[in-house]
Amino acid sequence: MPLDILIILVVIGIGGVVLLTWALGWARPTRLVSTEEVKNQFRLDHPELEIGKVMLSTDGLAGLLELSDNAIGLIFSFGDKFVTRRLTPQIVKSIEVDDQAQGTQVLMRLADFTTPKIHMSFSDRDVKSLLNSLTNSEAGQ
Amino acid sequence: MDVMHKFPNVTQMAVPLFIGLVLLEVALARFKGTARYETRDTLASLIMGAGSIISGMLVGFIGFRSLLYFYQFRIFEPGLAAWVFVLCFVLDDLRYYWFHRIAHRVRWVWASHVNHHTSQHYNLSTALRQTWTGVFTGIFMLNVPLVLLGFHPAMLVFVNGFNLVYQFWIHTETIKRLPAPFEAIFNTPSHHRVHHGINAKYLDANYAGTLIIWDRMFGTFVPEDDLVPVKYGIIRNLATFNPLKIAFHEWINMLADFLRPGLSINQRLAYLFAPPGWSHDRSRRTSDMIKADHVRRYPQETGHPGLPSSIDG
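Going down the list, the sequences are from chains A and B.
Heads up: the first sequence begins at 0 in numbering that gives the first Met the number 0, then just goes up one per residue.
Heads up: the second sequence begins at 0 in numbering that gives the first Met the number 0, then just goes up one per residue.
Don't read these hints as lab results, they were simulated from the structure.
Idealized CB from N, CA, C, for every residue including glycine.
Be aware that one or more of the hints could be misleading.
To be verified - Restraint-style ranges between C-beta atoms, simulated for each label pair:
no.: 1; chain 1: B; residue 1: Arg29; chain 2: A; residue 2: Ser33; range: 35 to 43 Å
no.: 2; chain 1: B; residue 1: Pro274; chain 2: A; residue 2: Arg30; range: 50 to 58 Å
no.: 3; chain 1: B; residue 1: Asn241; chain 2: A; residue 2: Thr29; range: 38 to 46 Å
no.: 4; chain 1: A; residue 1: Ser128; chain 2: B; residue 2: Trp97; range: 50 to 58 Å
no.: 5; chain 1: B; residue 1: Met216; chain 2: A; residue 2: Leu18; range: 43 to 51 Å
no.: 6; chain 1: B; residue 1: Leu226; chain 2: A; residue 2: Leu18; range: 20 to 28 Å
no.: 7; chain 1: B; residue 1: Gly59; chain 2: A; residue 2: Leu18; range: 28 to 36 Å
no.: 8; chain 1: B; residue 1: Val85; chain 2: A; residue 2: Pro115; range: 46 to 54 Å
no.: 9; chain 1: B; residue 1: Asn241; chain 2: A; residue 2: Leu18; range: 15 to 23 Å
Claimed, not checked - Here are some chain A residues pointing at chain B (derived, C-beta under 10 Å):
no.: 10; residue: Gly15
no.: 11; residue: Arg84
no.: 12; residue: Thr113
Said to hold, decoys possible - Heads up, simulated DMTMM-like pairs for lysine to aspartate or glutamate below, C-alpha to C-alpha not over 20 Å straight-line:
no.: 13; chain 1: B; residue 1: Lys290; chain 2: A; residue 2: Glu47
no.: 14; chain 1: A; residue 1: Lys92; chain 2: B; residue 2: Asp256
no.: 15; chain 1: A; residue 1: Lys38; chain 2: A; residue 2: Glu95
no.: 16; chain 1: B; residue 1: Lys290; chain 2: A; residue 2: Glu49
no.: 17; chain 1: B; residue 1: Lys31; chain 2: A; residue 2: Asp79
no.: 18; chain 1: B; residue 1: Lys290; chain 2: A; residue 2: Asp44
no.: 19; chain 1: B; residue 1: Lys290; chain 2: B; residue 2: Asp311
no.: 20; chain 1: B; residue 1: Lys290; chain 2: B; residue 2: Asp280
no.: 21; chain 1: B; residue 1: Lys230; chain 2: A; residue 2: Asp44
no.: 22; chain 1: B; residue 1: Lys200; chain 2: A; residue 2: Glu47
no.: 23; chain 1: B; residue 1: Lys230; chain 2: A; residue 2: Asp125
no.: 24; chain 1: B; residue 1: Lys200; chain 2: A; residue 2: Asp68
Isolated chain B, as found in the complex:
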């Protein structure tokens, strides 16, 4: 199976669906008040989405060609049977979970992923606020184990397209909860609202793409608490709708931190690879520090989902 497989570009094919559902949600926002939109926020998100497609066309080949190199060392030849696609989808979803977890815990990858979280809104347009710089993080290397198992890079791109399309519809406040069996297995609007929250208990939770079972398995699942309305955005919210600034701000800030005078090598490396919010003088706060502060202030919440099990963190 050395030939280049040609699969449809699922994400591009879904563009009419994206537009139609955004229009539907805008209508629901107007007539039922179940969603909130802001003009410039929406424009920024949609331009980020279009820019992400352009970025994929321009530099996506870097990741793809790299994976093709590893494909020659594959161990198995699973072929193109239906079960292979299903298995590939599930394993790619597991890969997505770890990518996403790393993206929130390592500043180098966060610099690319952060723009998806920069809106203080949570609606279907937010889903399209996608990165332009993902390939430069090198995180596509997480696909290498799948390629070595024999899944062609084109198949990985194909199934990942379904994963991304699945994640579109969960960016909404319009749907509150789905039937319990569905909420138990799949990522849902409720689970993903938690992921976009900056409330202490919601930070660093629910990294799932399609299947929420990964968060349940690896201990990062936090259910939405009806008593704690989700506050969306990032810890230090941006005050710009400029897509260029949204796309590159964290790269620029990270570089500025890395080049600060008077730092040791370890401190410079920590500015690149430690969790977002790390600083050499503790003048900023990581999610762990925010959670620890929260339980010190509200000891009765110690051990609640998403919060430390002791006041000492």
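With the rest of the complex left out, here is chain A:
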């Protein structure tokens, strides 16, 4: 196949398919609707971990979980799926926690270049104490 035809086909093909999926509304992020769902979705990736307290962000795009092995579970929306991480001080690059009137804002960066910085907002003020185990370590800040 001539290269110019191949290039045109590929560009039109990619553009057409992607536009179509966007027009069909398949670019909307999925959301967690309950702490039970946070737990269930996290368990799919980490069936071996026991889960304690669970917190759901106010926009439903993320959740934090207290884990039995002293780590913290993180789950966040990624397209129409979820990504989970077991957080320890070694993999957390920085955490900024900001208590505001409308809730607690968390900005987290991981030592993982494939994971973007994560903004979360919680109405549950206990989020600060939950994250203490990560922020009290030297590696956590």
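Following the hints, put chain B in place on chain A, whose structure we already have.
Showing chain B alone in chain A's frame:
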């Protein structure tokens, strides 16, 4: 037969077919709900596919020229009869099985192959999420025995193109099961869904390209279990749609592990060549560890297809 054989590039010729079938599956997803697409996931997969074609054009010659060198030492002159192409296809499919098995069990090759598994979706666009770095693994050397048998490297590229095109249509949830005789011999959507699964019992199974008989012969076949819906992706799913990060993330992570301070030479080599998930402090899990954990938690599943035959692993 020293002349360079000129065969059509099957994969490039199939591009209109790929686009047409993706559009058909998108339509089925919309009207019948038999598939799932996500815009950025689809874009990432399609760019990976286009990048793979470009990568093949830019560096594919490295593997091809290397094989041409070995071709001068060929033992037989099988010629270009139809049966030679059929035999070449079957032997190349066997070569593909072993390539694929190695790609899942040796991190050096997994670093290249992993990007095909990085989508949490399983649809026809996922089939196009192909590697950009395959040639750098050196795994093309698995073709050397075929070249020494007298199959010209151009013929190998040609038949492998059919193999890759065959594997395109099996990346779908739209087709549940095909007639039993077909499922017994050929790789099918059902068999390949298992291969893309990260459920404990589905890990490291069904490496076949076209013929599933290789998995049945070498003990890696696991049937799809209707009671265990396949969860797609990789053990530690990526949180990026950036094609550059998808293509190179495992190479970068592997290099970082290799260069960690305080490791022995053996530990450094294990970070390159041990199974994915291996770590010197056992802080990560290999597929074998995941399977062993699973049967410890569910002893009643011990010995089921894809799971260890004893709780001790």
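Consistency of the hints with the structure:
1. B:Arg29 to A:Ser33: 35 to 43 Å: The hinted range 35 to 43 Å is violated for Arg29 of chain B and Ser33 of chain A, with Cβ atoms some 28 Å apart.
2. B:Pro274 to A:Arg30: 50 to 58 Å: Given range 50 to 58 Å: violated, Cβ gap about 36 Å.
3. B:Asn241 to A:Thr29: 38 to 46 Å: violated, 20 Å
4. A:Ser128 to B:Trp97: 50 to 58 Å: holds, 53 Å
5. B:Met216 to A:Leu18: 43 to 51 Å: holds, 45 Å
6. B:Leu226 to A:Leu18: 20 to 28 Å: At roughly 38 Å between Cβ atoms, Leu18 of chain A and Leu226 of chain B fall outside 20 to 28 Å, so the hint is violated.
7. B:Gly59 to A:Leu18: 28 to 36 Å: holds, 31 Å
8. B:Val85 to A:Pro115: 46 to 54 Å: holds, 49 Å
9. B:Asn241 to A:Leu18: 15 to 23 Å: Since Asn241 of chain B and Leu18 of chain A have Cβ atoms about 20 Å apart, the given range 15 to 23 Å holds.
10. Gly15: holds, 7 Å
11. Arg84: Holds, because the Cβ-Cβ distance from Arg84 of chain A to chain B comes to roughly 8 Å (cut-off 10 Å).
12. Thr113: At about 5 Å, which falls below the 10 Å cut-off, the nearest Cβ of chain B leaves the hint on Thr113 of chain A intact, so it holds.
13. B:Lys290 to A:Glu47: holds, 12 Å
14. A:Lys92 to B:Asp256: holds, 18 Å
15. A:Lys38 to A:Glu95: violated, 24 Å
16. B:Lys290 to A:Glu49: Since the Cα atoms of Lys290 of chain B and Glu49 of chain A sit roughly 18 Å apart, the hinted pair holds (cutoff 20 Å).
17. B:Lys31 to A:Asp79: The given pair, whose Cα atoms are some 18 Å apart, holds under the 20 Å limit.
18. B:Lys290 to A:Asp44: At roughly 13 Å apart (the allowed maximum being 20 Å), Asp44 of chain A and Lys290 of chain B satisfy the hint.
19. B:Lys290 to B:Asp311: Between Lys290 of chain B and Asp311 of chain B the Cα gap is close to 10 Å, so the pair holds against 20 Å.
20. B:Lys290 to B:Asp280: holds, 19 Å
21. B:Lys230 to A:Asp44: Given that 20 Å is the threshold and the Cα spacing comes to 9 Å, the pair holds.
22. B:Lys200 to A:Glu47: holds, 15 Å
23. B:Lys230 to A:Asp125: The given pair, whose Cα atoms are some 32 Å apart, is violated under the 20 Å limit.
24. B:Lys200 to A:Asp68: Cα-Cα ~25 Å, so violated.
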